[in-house]
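Dock chains B and C against the given chain A, drawing on the hints supplied.
Listed here are the chains, written in short residue letters.
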Amino acid sequence: MNFRAQHLLSVRELSSDSIEEIFAVAEKMRPYANRQKVTRVLEGAVLGNMFFEPSTRTRVSFGCAFNLLGGEVRETTGLSNSALAKGESLYDTAQVLSGYSDVIVMRHPQSHSVEEFSLGSRIPVINGGDGPNEHPTQALLDLFTIKNELARLGQSIDQLSLTLLGDLKHGRTVHSLCHLLSLYSGLKIQLVAPEALSLPSSYVDLLVNAGHQVEIGSNLEKGLSQANIIYQTRIQEERFASAEEANQYKGYFRLNKQIYSDHCLPNAVIMHPLPRDSRNNANELDNDLNKEPGLAIFRQTDNGVLVRMALFACILGVENQLSKHERNVNWHVGLRK
Amino acid sequence: MNFRAQHLLSVRELSSDSIEEIFAVAEKMRPYANRQKVTRVLEGAVLGNMFFEPSTRTRVSFGCAFNLLGGEVRETTGLSNSALAKGESLYDTAQVLSGYSDVIVMRHPQSHSVEEFSLGSRIPVINGGDGPNEHPTQALLDLFTIKNELARLGQSIDQLSLTLLGDLKHGRTVHSLCHLLSLYSGLKIQLVAPEALSLPSSYVDLLVNAGHQVEIGSNLEKGLSQANIIYQTRIQEERFASAEEANQYKGYFRLNKQIYSDHCLPNAVIMHPLPRDSRNNANELDNDLNKEPGLAIFRQTDNGVLVRMALFACILGVENQLSKHERNVNWHVGLRK
Amino acid sequence: MNFRAQHLLSVRELSSDSIEEIFAVAEKMRPYANRQKVTRVLEGAVLGNMFFEPSTRTRVSFGCAFNLLGGEVRETTGLSNSALAKGESLYDTAQVLSGYSDVIVMRHPQSHSVEEFSLGSRIPVINGGDGPNEHPTQALLDLFTIKNELARLGQSIDQLSLTLLGDLKHGRTVHSLCHLLSLYSGLKIQLVAPEALSLPSSYVDLLVNAGHQVEIGSNLEKGLSQANIIYQTRIQEERFASAEEANQYKGYFRLNKQIYSDHCLPNAVIMHPLPRDSRNNANELDNDLNKEPGLAIFRQTDNGVLVRMALFACILGVENQLSKHERNVNWHVGLRK
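Protein chains in written order, with the working numbering: chain A, 1 to 337; chain B, 1001 to 1337; chain C, 2001 to 2337.
Treat each hint with caution, since some may be false.
Stated by the list, open to error - Mimicking DSS-like on lysine-lysine, the simulated pairs with C-alpha atoms at most 25 angstroms apart in a straight line are:
#1 A:Lys324 / B:Lys1324
#2 C:Lys2324 / A:Lys250
#3 A:Lys291 / C:Lys2188
#4 C:Lys2037 / A:Lys257
#5 C:Lys2250 / B:Lys1086
#6 C:Lys2324 / B:Lys1324
#7 B:Lys1037 / A:Lys324
#8 B:Lys1324 / C:Lys2037
#9 C:Lys2222 / C:Lys2188
#10 B:Lys1147 / B:Lys1257
#11 B:Lys1250 / A:Lys86
#12 B:Lys1257 / A:Lys86
#13 C:Lys2250 / C:Lys2222
#14 C:Lys2324 / A:Lys37
#15 C:Lys2291 / B:Lys1086
Said to hold, decoys possible - Here are some chain B residues pointing at chain A (derived, C-beta under 8 angstroms):
#16 Ser1016
#17 Val1038
#18 Thr1056
#19 Thr1301
#20 Asp1302
To be verified - Just a sample of chain A residues kept apart from chain C, beta carbon distances all over 10 angstroms, derived:
#21 Arg4
#22 Ser18
#23 Thr56
#24 Ser113
#25 Arg122
#26 Asn148
#27 Leu180
#28 Pro194
#29 Ser202
#30 Gly211
#31 Glu215
#32 Gln226
#33 Phe240
Because the hints were derived from the structure by calculation, they are not lab data. The beta-carbon is built from N, C-alpha and C at its ideal position, and this holds for glycine as well.
Just chain A, with the same shape it has in the complex (with noise of 0.2 angstroms):
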């Protein structure tokens, strides 16, 4: 697959090889996002950001992932303010939008509803969320951060031993991961949660058809066990009927730092989607483990910007112009601390 002018809709559009595509594009965009070199390649485009859900993270990194490459942003946020509530079809807003922007990241409450609007759009979309169903980078920053860090560790991606850990129900970016995890094989899957929040068996069928090892349970201390990645995710309340129903799964399968010392791998990795809930009645992962050079959810928000740009890049055939337009930084970069 070549990404050139190419939406991106599902992770399941993705091959291997296109992932390591992708992946080996993320790695040269490190000076940029680090601040080393300025890249002016896409001086004069302009993205349509485009969050018909609101969204804060997600959002702001992909336009800044536009801003590094040298790009405009126009965005918008929220449903209500839009041409939508007025009865206009996902066709036409499509129509409309392709007509101001080179590319179009797209989030929307409903499953498909991407889907549905890049049949009317005449630039490349990107699926920044669609509901319940996708969040496609996400997954691809997931898994570009655990073959970052297992290299971090010594280890490839042949040696994954992975615990997915609380909300596998609902949580859209595990389900995103299953997919991408799908592409290899042999791998060693473990999936720990409270039984009415397991992850579908469509998914497990998927790991264990691709020739996966898995394990299933809701014993935490087995379960973190052997892992060198630990998965943590957040009780998606919003997916729940009621706040009640969700509350009640709340603070199941805590991680901390006395049960990381305790039962985890000398090293493991803890990663998350954020956001991570701090509040009492959950705090799925305790600060007292922000120290730990194991915990690597920063620097997996981190990775979110070079797999966007990445994206950016091959979808915008510029990918091997980068450094035509390098410019030097001329400001300081950091906190003197």
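This is chains B and C only, laid out in the frame that chain A set:
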């Protein structure tokens, strides 16, 4: 009229000559809007894109137009977020905001609010829509589209036979278009509306006094039969006392492929200020028209970018410097289908 | 104090020297803010303009200041749209967002929230207002304006006779200004407020201990008679228990042309942190003052851009590179009147 450093508050300020000037500049914008070339003529300039009433398409269209000239955009969306809610006068808001940017686009829910705002502004202000009153850039892009579509058919504006269709009472785009049409004479104009939503007599008088041949009716087939341009509108439900009152008019004068084939001239052009209401009870322009070459509604929104780029260029006096600041487009443009 | 790579969280961090440094850089910003020249020194840099409480003027002022230095701006407006609502800690939000940009401006409704945020940030954070607590850039632009206005009158800061007027209890801008004034000594300061809204004693003590001559009263005419600078404020109704409670104080200590002519020194300067409440029941500064040369309220907001540009330049260490990245202004500046 010369646009340099002027406000654009109302279509009433526009002469035939000034319109020709804007349209000539708009034509020069095509290569930049089509991403054949980049111009950076406004690099360093800032647009204050002040939408005190929600809007996606118009706001993004203005913003993109400014970005395509190389400028930056600062925005606001919505009234409640603003100091206006703390009792600030429009004069003060204008004084403050005009210290921040080089030109301001303002939308506001109240009639004549943008005019009031302009009195406090130290920089040019473009009316982006002031409630039920005016939306001058929409009227300009509509007229620009009429001229361009006629040209596609090998006709000139003198040969225009225009049918205005739907909610002619509330549609500010129709009213503003009538003002622009009053600068011409001898055109054929058919008005087709439910009686309660017919064009206010002042606008009828305006057209008649300009020397146009005006026909008023409520028979769809008859009203369509001679038109080379059909301008359909949405029932402006937000301008009615209640949703119920508005709903009784929805579904009047629908256009679909059958009606188009049976009653319209070959190649008749269909326009609409958008959004079109595609819900079943409204459905002003059926989706089965989407592949008709005569459906100009998305060429119309594309033209909006050209016209807005032209306005910015004329107001800021850079209309003759576009090519001097030209660069190549580095990225791959469009979709591979 | 050297600002490079530092947070700016509170006016209490500021010394006289550091203020002089900022103000000297702010003066260097005039040609760029006035569009006599363009500087692109921050081209490629990104500001995270994170307003978790709505604001138009302050948000746009910061954003424009960054754009005028050549940088890009990513924004958020409002708390509900945010992961904070899903239980994310400010530490996490800061860790994530600080991976996206080069510097962050943060506004938040809770006191000391910006300080808490800064602890998780890997890049410099500027406090854009943390509820009733602080708004340090407002205090800086106020002091900058006082100095500039006195200079216009041929006077120096030593000759300041300042009258603070109105809701001195709740106005955080007054409190922050008191902190800055405490760096000086021997000034004359008159406090005029309804007794229930008088300046908290801790701030009075601060001024007295600094060696200022402080007079407290509730007689408007007397309070105005000696001032070369009058700082009027708005009744901060959002800080009262109820609108009714706030409303009883509206309309106290109004200034209008008559009072100004009868009771103020010739050329006395009128300042206000804005927005001024121009509704009939409040009307703190009557519109009949709008043409008075002494009305400095819009010079004050203009100065805000200079001061914010200076802060960005100092924090990012580019204050001596502005002219190196200078370009001509291509466009026509201002209104043809």
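Worksheet item: Among all the numbered hints in the text so far, which are the ones the structure does not match?
Response: Numbers 2, 3, 4, 16 and 23 - these are the hints that the structure violates, sorted from lowest upward.
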